[in-house]
Amino acid sequence: MKNLFASTLAIIICMTASGQSNKKFTHTLANTKDIAGSGIKMEATTFKGKKAVRITTGDDNKDYRKSMVAKILNTDFRNGVIEVEVASQPEDNAPEGSRGFAGVTFRMQDDFEHYECIYIRPTNGRADDQLRRNHSTQYISAPDYPWYRLRKENPGVYESYVDLVPGEWTKLRIEVSNDKAKFFVNDSSQPVLIINDLKYGADQSGHVGLWIGSGTDAYFSNLKITHN
Numbered sequence: 001m002k003n004l005f006a007s008t009l010a011i012i013i014c015m016t017a018s019g020q021s022n023k024k025f026t027h028t029l030a031n032t033k034d035i036a037g038s039g040i041k042m043e044a045t046t047f048k049g050k051k052a053v054r055i056t057t058g059d060d061n062k063d064y065r066k067s068m069v070a071k072i073l074n075t076d077f078r079n080g081v082i083e084v085e086v087a088s089q090p091e092d093n094a095p096e097g098s099r100g101f102a103g104v105t106f107r108m109q110d111d112f113e114h115y116e117c118i119y120i121r122p123t124n125g126r127a128d129d130q131l132r133r134n135h136s137t138q139y140i141s142a143p144d145y146p147w148y149r150l151r152k153e154n155p156g157v158y159e160s161y162v163d164l165v166p167g168e169w170t171k172l173r174i175e176v177s178n179d180k181a182k183f184f185v186n187d188s189s190q191p192v193l194i195i196n197d198l199k200y201g202a203d204q205s206g207h208v209g210l211w212i213g214s215g216t217d218a219y220f221s222n223l224k225i226t227h228n
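Residue numbering for the sequence shown follows my numbering, starting at 1 and increasing by one per position.
Don't read these hints as lab results, they were simulated from the structure.
Keep in mind that the hints are not guaranteed to be accurate.
List time: in silico DSSO-like cross-link candidates among lysine-lysine, alpha-carbon distance up to 27 Å [stated by the list, open to error]: (1) LYS182 x LYS24; (2) LYS180 x LYS51; (3) LYS33 x LYS48; (4) LYS224 x LYS41; (5) LYS50 x LYS180; (6) LYS199 x LYS182; (7) LYS199 x LYS171; (8) LYS171 x LYS23; (9) LYS171 x LYS182; (10) LYS48 x LYS23; (11) LYS199 x LYS24; (12) LYS152 x LYS23; (13) LYS182 x LYS224; (14) LYS182 x LYS23; (15) LYS33 x LYS50; (16) LYS199 x LYS23; (17) LYS224 x LYS33; (18) LYS171 x LYS224; (19) LYS23 x LYS180; (20) LYS23 x LYS50; (21) LYS33 x LYS180; (22) LYS48 x LYS224; (23) LYS224 x LYS180; (24) LYS51 x LYS41; (25) LYS180 x LYS199; (26) LYS24 x LYS152; (27) LYS41 x LYS23; (28) LYS152 x LYS50; (29) LYS171 x LYS48; (30) LYS224 x LYS24; (31) LYS180 x LYS41; (32) LYS180 x LYS48.
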């Protein structure tokens with residue numbers, strides 16, 4: 001009887017430990033292993049003391065409407081928390097209007113074209129133009145809800161101000177729960193952007209990805225995903 005109890009307890013402990021480990025996923029982004037790209041160039045490097053994956057616009061992708069994203073394989077994500085560090089700025093000779101766009105996609109489908117995304121515009125953070133400052137963060141839902149549609153239909157709802165410095169390491173944290181998301185930058189205890197109506201709804205799941213916009217030179221490090 002004691003042996004049966006001990007065996008049962010061991011099984012329960014193993015199952016619990018396995019369940020806990022499956023809730024967390026980390027990728028240091030010190031290399032490009034298990035990362036697939038679309039419309040981008042990727043390389044492992046070191047930037048300002050951190051090992052990172054550098055992502056820039058692909059030579060064959062100069063259309064800002066096309067997705068530029070690195071998909072993290074084996075990350076079937078629906079609800080939970082995504083954390084990553086990013087340092088981004090416009091590329092040399094970037095198109096006019098480039099802001100160093102960089103962020104995170106989630107619930108992304110295999111085609112690289114259908115996903116939710118929250119990103120930053122680092123050069124807007126300390127701009128002299130208040131309107132640009134108000135556009136420092138952005139939510140989009142590809143492909144049907146690009147930033148310009150959301151801004152036209154719901155001005156100020158899907159973007160906000162946050163203090164940013166181009167080319168400096170910045171912590172991003174996204175909390176996703178059903179059809180809602182909260183976006184935190186650096187060590188803020190309060191979200192800088194709240195989305196109450198994720199366009200794909202509450203039930204979609206998919207990959208997590210690293211996203212850039214046209215003309216961006218971005219470095220990503222220390223990705224952490226916690227599934228709820």
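We went through each hint and held it up to the structure:
For the suggested pair LYS182 and LYS24, the alpha carbons sit about 19 Å apart, so the restraint of at most 27 Å is met. Note on LYS180 and LYS51: the hinted pairing is violated, with a Cα-Cα distance of about 32 Å set against a maximum of 27 Å. A hinted pair counts as satisfied when its Cα atoms are at most 27 Å apart, and LYS33 with LYS48 qualifies at roughly 21 Å. Restraint check for LYS224 and LYS41: the C-alpha separation of about 22 Å stays at or below 27 Å, so the hint holds.
Of the supplied pair hints, the one linking LYS50 and LYS180 is violated, its CA atoms being roughly 32 Å apart against a limit of 27 Å. Under the criterion of a C-alpha separation no larger than 27 Å, the hint pairing LYS199 with LYS182 is consistent with the structure, at around 14 Å. This hinted pair checks out: LYS199 and LYS171 have alpha carbons roughly 25 Å apart, not beyond 27 Å. Pair hint LYS171 plus LYS23 holds up; C-alpha atoms about 21 Å apart against a cutoff of 27 Å.
With a C-alpha separation of about 14 Å, the suggested pairing of LYS171 with LYS182 holds against the 27 Å cut-off. For the hint linking LYS48 to LYS23, the alpha-carbon distance of about 30 Å lies beyond 27 Å, and the restraint is violated. At most 27 Å may separate the alpha-carbon atoms for a hinted pair to count; LYS199 and LYS24 meet this at roughly 25 Å. Simply put, LYS152 and LYS23 have alpha-carbon atoms about 38 Å apart, too far for the 27 Å limit, and the pair is violated.
Restraint check for LYS182 and LYS224: satisfied, since their Cα atoms lie roughly 16 Å apart, inside the 27 Å limit. Pair hint LYS182 plus LYS23 holds up; C-alpha atoms about 19 Å apart against a cutoff of 27 Å. Proposed proximity of LYS33 and LYS50 is supported: the alpha carbons are some 17 Å apart, at most 27 Å. About 25 Å separates the Cα atoms of LYS199 and LYS23, which keeps this hinted pair within 27 Å; it holds.
Taking the CA atoms of LYS224 and LYS33, the gap is about 15 Å. The hint holds against a cut of 27 Å. Between the alpha carbons of LYS171 and LYS224 the distance comes to roughly 11 Å, so the proposed pair stays at or under 27 Å and holds. Annotation: proposed proximity of LYS23 to LYS180 holds, straight-line Cα distance about 20 Å (limit 27 Å). Distance hint between LYS23 and LYS50 is fulfilled; the C-alpha atoms sit about 25 Å from each other, no more than 27 Å.
For the proposed pair LYS33 and LYS180, the alpha carbon gap of about 30 Å is over 27 Å, so the pair is violated. Among the hinted pairs, LYS48 with LYS224 is consistent with the structure: their alpha-carbon atoms are about 20 Å apart, no more than 27 Å. With a CA separation close to 19 Å, the supplied pair LYS224 and LYS180 stays within the 27 Å bound. For the hint pairing LYS51 with LYS41, the CA-to-CA distance comes to about 17 Å; that is within 27 Å, so the pair holds.
Simply put, LYS180 and LYS199 have alpha-carbon atoms about 10 Å apart, close enough for the 27 Å limit, and the pair holds. A hinted pair counts as satisfied when its Cα atoms are at most 27 Å apart, and LYS24 with LYS152 does not qualify at roughly 38 Å. Of the pairs offered as hints, the one joining LYS41 and LYS23 is violated, with about 30 Å between alpha carbons and a cut-off of 27 Å exceeded. A C-alpha spacing of about 38 Å is found between LYS152 and LYS50, which places the hinted pair above 27 Å, so the restraint is violated.
Using a Cα cut-off of 27 Å, the hinted pair LYS171 and LYS48 holds, with the two alpha carbons roughly 14 Å apart. For the suggested pair LYS224 and LYS24, the alpha carbons sit about 7 Å apart, so the restraint of at most 27 Å is met. A threshold of 27 Å between alpha carbons decides the hint, and for LYS180 with LYS41 the separation of about 31 Å lies outside it, so the pair is violated. Taken as a hint, the LYS180 and LYS48 pair is broken in the structure, with Cα atoms around 34 Å apart against an allowance of 27 Å.
In this structure, the hints that do not hold are numbers 2, 5, 10, 12, 21, 26, 27, 28, 31 and 32, in rising order.
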